[in-house]
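Number of protein chains: 2
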Amino acid sequence: MKIKLAISLLLSCSWIAVSHQVFGQAPRGPQIVSPQVHADRKVTFKYLAPKANEVKLNGQFTQGDVQMTKDAEGIWSVTLGPVIPDIYPYNFRVDGVSVMDPANAEFFPNERFKGSILDVPSEKPLVHAATNVPHGTVSYTYYPSIGESTGSLLVYTPPGYEKNSAKKYPVFYLISGTTDTEETFFKVGRINFILDNLIAEGKAVPMIVVMPYGNPAARIAEQKGEPKPSDLISREGSDAINRSKMFETDLITKVIPFIETNYRAISNRTSRAVGGFSRGGGQTLRAGFGNMDQFAWICCYSAYLSTPEMETKFQHIYTNPDQTNKDLKLLWVSVGNQDFLYDQTVTFIDFLKAKRVNHKQLITDGGHTWMNVKTYFAETAQLLFK
Amino acid sequence: MKIKLAISLLLSCSWIAVSHQVFGQAPRGPQIVSPQVHADRKVTFKYLAPKANEVKLNGQFTQGDVQMTKDAEGIWSVTLGPVIPDIYPYNFRVDGVSVMDPANAEFFPNERFKGSILDVPSEKPLVHAATNVPHGTVSYTYYPSIGESTGSLLVYTPPGYEKNSAKKYPVFYLISGTTDTEETFFKVGRINFILDNLIAEGKAVPMIVVMPYGNPAARIAEQKGEPKPSDLISREGSDAINRSKMFETDLITKVIPFIETNYRAISNRTSRAVGGFSRGGGQTLRAGFGNMDQFAWICCYSAYLSTPEMETKFQHIYTNPDQTNKDLKLLWVSVGNQDFLYDQTVTFIDFLKAKRVNHKQLITDGGHTWMNVKTYFAETAQLLFK
Chain A
23 MKIKLAISLL
33 LSCSWIAVSH
43 QVFGQAPRGP
53 QIVSPQVHAD
63 RKVTFKYLAP
73 KANEVKLNGQ
83 FTQGDVQMTK
93 DAEGIWSVTL
103 GPVIPDIYPY
113 NFRVDGVSVM
123 DPANAEFFPN
133 ERFKGSILDV
143 PSEKPLVHAA
153 TNVPHGTVSY
163 TYYPSIGEST
173 GSLLVYTPPG
183 YEKNSAKKYP
193 VFYLISGTTD
203 TEETFFKVGR
213 INFILDNLIA
223 EGKAVPMIVV
233 MPYGNPAARI
243 AEQKGEPKPS
253 DLISREGSDA
263 INRSKMFETD
273 LITKVIPFIE
283 TNYRAISNRT
293 SRAVGGFSRG
303 GGQTLRAGFG
313 NMDQFAWICC
323 YSAYLSTPEM
333 ETKFQHIYTN
343 PDQTNKDLKL
353 LWVSVGNQDF
363 LYDQTVTFID
373 FLKAKRVNHK
383 QLITDGGHTW
393 MNVKTYFAET
403 AQLLFK
Chain B
23 MKIKLAISLL
33 LSCSWIAVSH
43 QVFGQAPRGP
53 QIVSPQVHAD
63 RKVTFKYLAP
73 KANEVKLNGQ
83 FTQGDVQMTK
93 DAEGIWSVTL
103 GPVIPDIYPY
113 NFRVDGVSVM
123 DPANAEFFPN
133 ERFKGSILDV
143 PSEKPLVHAA
153 TNVPHGTVSY
163 TYYPSIGEST
173 GSLLVYTPPG
183 YEKNSAKKYP
193 VFYLISGTTD
203 TEETFFKVGR
213 INFILDNLIA
223 EGKAVPMIVV
233 MPYGNPAARI
243 AEQKGEPKPS
253 DLISREGSDA
263 INRSKMFETD
273 LITKVIPFIE
283 TNYRAISNRT
293 SRAVGGFSRG
303 GGQTLRAGFG
313 NMDQFAWICC
323 YSAYLSTPEM
333 ETKFQHIYTN
343 PDQTNKDLKL
353 LWVSVGNQDF
363 LYDQTVTFID
373 FLKAKRVNHK
383 QLITDGGHTW
393 MNVKTYFAET
403 AQLLFK
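These protein sequence lines map, in sequence, to chains A and B.
So for the first sequence, our numbering puts the first residue at 23; every next one is plus one.
So for the second sequence, our numbering puts the first residue at 23; every next one is plus one.
Everything labelled a hint here was simulated from the structure, so no lab data went into it.
Be aware that one or more of the hints could be misleading.
Unchecked claim - Below, in silico cross-link-like pairs of lysine to any residue (SDA-like), each with a Cα-Cα straight-line distance of 25 Å or less:
#, chain 1, residue 1, chain 2, residue 2
1, B, K382, B, F362
2, B, K189, A, S187
3, A, K189, B, A188
4, A, K276, B, P181
To be verified - Part of the chain A face toward chain B, derived, beta carbon under 8 Å:
#, residue
5, D117
6, N132
7, H157
8, T163
Unchecked claim - Residues of chain A clear of chain B, computed beta-carbon distances all greater than 10 Å:
#, residue
9, L220
10, G312
11, A376
12, Q404
We put the beta carbon where it would ideally sit given N, CA and C, even for glycine.
Just need the whole structure built from these sequences, with the hints factored in.
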């Protein structure tokens, strides 16, 4: 069998011809190792850019950008630390433009900014470390979503899920923030390793975690070939609420039925939790408060609802707090004391308190970061479905 | 419950404090849409870099780099095409440095270069398009690998796998190339959508596809905290062969047993295929020829074994060709006529021919590209396990 494919000849000559060069075959220059975590947990970053005028490091383990210096080969570098063991996003600012670290294959999935991931391990493995315990699986799967679009979900199934084909599991629906994608809780949050570790220690109930994409409006536009709506909408206001409603409709009418048909999920409200970070935290509160028949566990990370929105949309949550307190097994709100949403979140917590709506709160150090999200996830995962 | 975490106070003050800034909260500048595929399949690329002296587009749909031009806001842009529908890697060269497109969340998983993905759809959906057919699932799973490391696998299971808990499936072990990761066949090769489409049309047998990482030496070093060995090894020579052997040991003694324990895989050689691209193609030939008791289907994409290696290691393949021809259900070799490995691959094909070892060959237009890999995968997927 010898087939000579000649696609380009079959097509009009006005088409751009497929190039035959090998991608990345251009002269590679010196092989850069970056980041390099040293034994003392100092970290060296390197970036090759002979023609750049200025290269800075922007990392969530530093206060502000750090100047890097160039050597004779055109490699910019800086060594910092020691750095507290954790996973941190970082990037380089090359003449003011943010770029990933080309030497690092670990990246931050996001629609808007480009970040790489620095993983500084601890001697005693951190809760998100890949350790020698039984591991669950993270699956990329596809479902018929609203607007006749095809939606994408990441689904964590716990260790042993495949083997024990009779057991059913509770489900945690987990929503990431603005410009994050359905991959962010997996690739940056490492929620699979966190649960593997907590389950191995007997600290968390084996559960399924479903990670949807938080912005179906953008996906529908993209699949129709229309321009994507801007991600720069306000956190409150009618646009944010409308899009949140769209997400909620997708979650309730499409995602949950798909999961409960295709996975061994327990189908009742006490076995369903909803949680999320930032925009996903707002969506969590709206989906939870708006569908008390669906969820008994609500986990809000670094987010809030405003008092006007509570008063116009969710009066039923606080007019009869005893009923809410009976219905909700957990209402969790956490935020960092340097989060730019700290004040609003505290106002929301105070509102719940004044209205006698039971809740658990966690105020941590730090800001609106995925380091904090991991902490919040690990804390709530130990409370759910118990 | 009010817990005030004060991690930084518990640790030495010489540690760098965790920053509280929001990553990506720096002034974002104008929201760039890139790439933008127009109705006539011309494509506009944009990149914001006010201070750069020169920005070029490097895409596999063009011959060489294309100069971009800067507007008053500092946005560089160029419109090209129309472009033949396909999925193409591309990046920007900013003052000579290759960077991903920051406005595009679709990236090329690779350890060495940074590429984004341009998807130019066709009116009649291409074989790799996400269409409205039943979809399989791609799972990220972890296994105990050689060198006491934890290995990572991507596993495609076909539509209906979860529902029909009795059916067993044949398995295709699929290995990507140098500096690619275990994600590349999924994210760039889109082998899940290719199989979904082929299975829906009745053109491919439902199968499991297992995508391992091709460089266990690097993973072991990384997990031990040792410097990663260079990826710049020759394609032949003892170093390449030793590392290929290491991969083969992992595949045969770790990956296959893990898959056959944890998935409903048929456990015999006629239900096992091995395939791969570039370095993965060489590993495929070595693993296949070296383990004729394990695999009856061998698919080599854009790769070869040298005549000296065949003569020293794999004489048994051609000394009794009738036996080989009986044992192997498929020996496939394909390459592009502009691939930098074209000559060597044709020499390998000629060697097989001269030795009367049955094989199927496919010579396509084009080079050492993932556009070609998709074609080869789609062709072989229709032959396997029939």
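Broken hints, by number
Going through the list in order, the structure violates no hint and respects every one.
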